[in-house]
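2 protein chains.
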Amino acid sequence: MTDLIAEKLEQVQGILDELDLDAWMVFVRESSHGGDAALSYIYDGAFTWQSALIVTRSGDRIAIVGKFDDGAVRAAGHWTEVIPYVQSIRDPLVATIRRLDPRRLALDFSVDDPAADGLTHGMYLLLIKYFVGTSYADRFVSADDVVGALRGRKSPNELARIETAIVTAQTIFDEVGKFAAPGKTEREIARFMQEAALQRGVGLAWSQPCPIVNTGPHSMIGHGVPSELQIEPGHILHIDFGVQQDGYCSDLQRCWYVPRAGEISPPEPVARAFEAVVNGISVAADLLKPGVEGWQVDRAAREVITSAGYPEYGHALGHHVGRVAHDGGGLLGPKWERYGKTPFRKAEPGNVFTLEPSIEDAGGCGCLGLEEMVVVTETGCRWLSDRQMTLPCLGGAR
Amino acid sequence: MTDLIAEKLEQVQGILDELDLDAWMVFVRESSHGGDAALSYIYDGAFTWQSALIVTRSGDRIAIVGKFDDGAVRAAGHWTEVIPYVQSIRDPLVATIRRLDPRRLALDFSVDDPAADGLTHGMYLLLIKYFVGTSYADRFVSADDVVGALRGRKSPNELARIETAIVTAQTIFDEVGKFAAPGKTEREIARFMQEAALQRGVGLAWSQPCPIVNTGPHSMIGHGVPSELQIEPGHILHIDFGVQQDGYCSDLQRCWYVPRAGEISPPEPVARAFEAVVNGISVAADLLKPGVEGWQVDRAAREVITSAGYPEYGHALGHHVGRVAHDGGGLLGPKWERYGKTPFRKAEPGNVFTLEPSIEDAGGCGCLGLEEMVVVTETGCRWLSDRQMTLPCLGGAR
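Residue numbers (our numbering), protein chains in the order written: chain Y, 90 to 487; chain G, 90 to 487.
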């Protein structure tokens, strides 16, 4: 991903300028424990000791790292200055910040955006301790706008990887549509898809359970584990699935109907729910363009669902997709407290979003949810996924 | 890992009682982004929305989670109360804490211990916001002693998994000892070991680069990436490697000497350095028992190295090993600022430590470092790894 890192570091400098921020600092330790996901955008590796990567508006790229990481960071070639230490990062860190003297120093914490919230509270307390007696602790600000833009504005290389991950997921959806049949269990469906991903050498887009598989009205919807429930006539089979390929993800939902004896197409209540969901997606896509706020897009789709007589879906209409399926930054979501300010972010060119309204119970047959992916263009948005526009029947009858 | 979770949850209750803490809360969101590593000890899965898992001294196990996770958490069977929410966790969370009314509520932040520092700063700010106007924010304390004990005190099941991971790593070390030869590069050695792990279906104990491979005096020591440097006569070949098997890790270092023409054993300066490192490990193991503080063990080994005339090693003597190779809690390390209070923790029965003194340059032939693993018993410690007591010669000459 070396070339992507150069691209992204270049992007950071522009974003800092745009946001009138002097510097952004990623401060991590034992980063293989999890830690700050933003690190991977600017460094391809892990740090054991406390390490500070600082990018400034004027083009400095300074890495202050433990002596054992010095060689690897220099070898990466992206850093204008690499400062190794042994006993404590305090002195070189404080000296470097004094030298740069930023009016505001952006750090990776965010009340609203999980993907921009990589600084742990203990590491924050450590910074406060290191900078005690200086004025710098008062200059710490949230980097959520930096990280949101960095993650959200996909470069052509990033977009190409996402499109590949979509094609792979769609191929696996096609295969599972042939494999699935009455009598098969949710768990068998899930295993089939996981094996299909493994055979292609791609990862799953999120941790367990991926895919989410729901058959019929008694399945555990949401983030439940695929169960021993069997596919039966009269069920909707609903699958939420994506892959991670070459570091980037897809995230899609598809549905099938399982006809009862004598049925040749989905019953009217199911067909009507399907139509409402498809319309919700169309209305949202028509509205999505640079400058629009996420809640506006969510509201439009939500109203399609509720005005068709269904309860509103208990989640957001859509989210960013990137290196993780639920990427951070803005959300196409309602103004609910748990979403914080994320629904108020404006869409930008290069943003990749899902559109995923759902109806929890469609005519007593189960969950009807579709999820498509789009990229915001200069004037609107473009479909990245091949939309599901009809509800196919599973099994013999068609 | 379901049975391990029951074991660990049981352990938490005892630890809270011992520490005179009323409750411990793990507070996470989008946990598949990384997040709080302590979560995996009490729940086998990920959370997307803000989720609070609360364990009390008196035996309550309360999960407050988004409605889509409700089913999965109930299915886990470990929770006495599962409270689902849709729009915001605030009300159920505040109501639950009011009801439990803990004098001190332990949260996963720690200045000193990365493995106990899973709460992000943004999530901390969110808690402060939710509990504004109550007295509870003043009752938040660091859970580092809880998490340290939970991670550090291995149950028999955990110890058995670590021992298996050690056996696997040792087998791969044996194989690479036959594969390695003059002319092979560090990178080829690394790839051989990675493939050996893959073939056995086990993971690597840490993220890139694992193994760390150093041949000769010009290799990048520490956390550098294996290079195109070739093994040559007169080199020490040094490898730091471990596997993750069934969720638990091993972490070992082994060395070989590559004889020059006419040499039948390592030259005296190399042999002497090897002896110092072996002695450092022996002295440390003799000292390690419940109640001893980490810095005492480190100091003893460090003195063996320095009194033999070598510079002191620029790292700690040893660390915990568990679900990650560098596990948290106490450290067998010097009182350096970057280690915070971790060298002052007392060893406890069931702790698994590495012992890994090193000499950066042994007679101009390269890095000489060994790493063994021990478990603390009631009265001392027991070897988990098969100690390396001789320095074998690589290649034809022996």
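It is worth saying that the hints were derived from the structure and are not from the lab.
No experiment lies behind these values; they were computed from the predicted model shown.
Accuracy of the hints is not assured; some may be wrong.
Intra- or inter-copy, both count: the list cannot distinguish identical chains.
[To be verified] Only pairs whose alpha carbons sit at most 27 Å apart, straight line, appear in this in silico BS3-like list of lysine-lysine:
hint, residue 1, residue 2
1, Lys435, Lys378
2, Lys273, Lys430
3, Lys378, Lys430
4, Lys267, Lys424
Okay, the hints, checked on the actual structure:
no. : hint               : verdict
1   : Lys435 with Lys378 : within (9 Å within a copy, 59 Å between copies)
2   : Lys273 with Lys430 : neither (43 Å within a copy, 55 Å between copies)
3   : Lys378 with Lys430 : within (19 Å within a copy, 52 Å between copies)
4   : Lys267 with Lys424 : neither (40 Å within a copy, 63 Å between copies)
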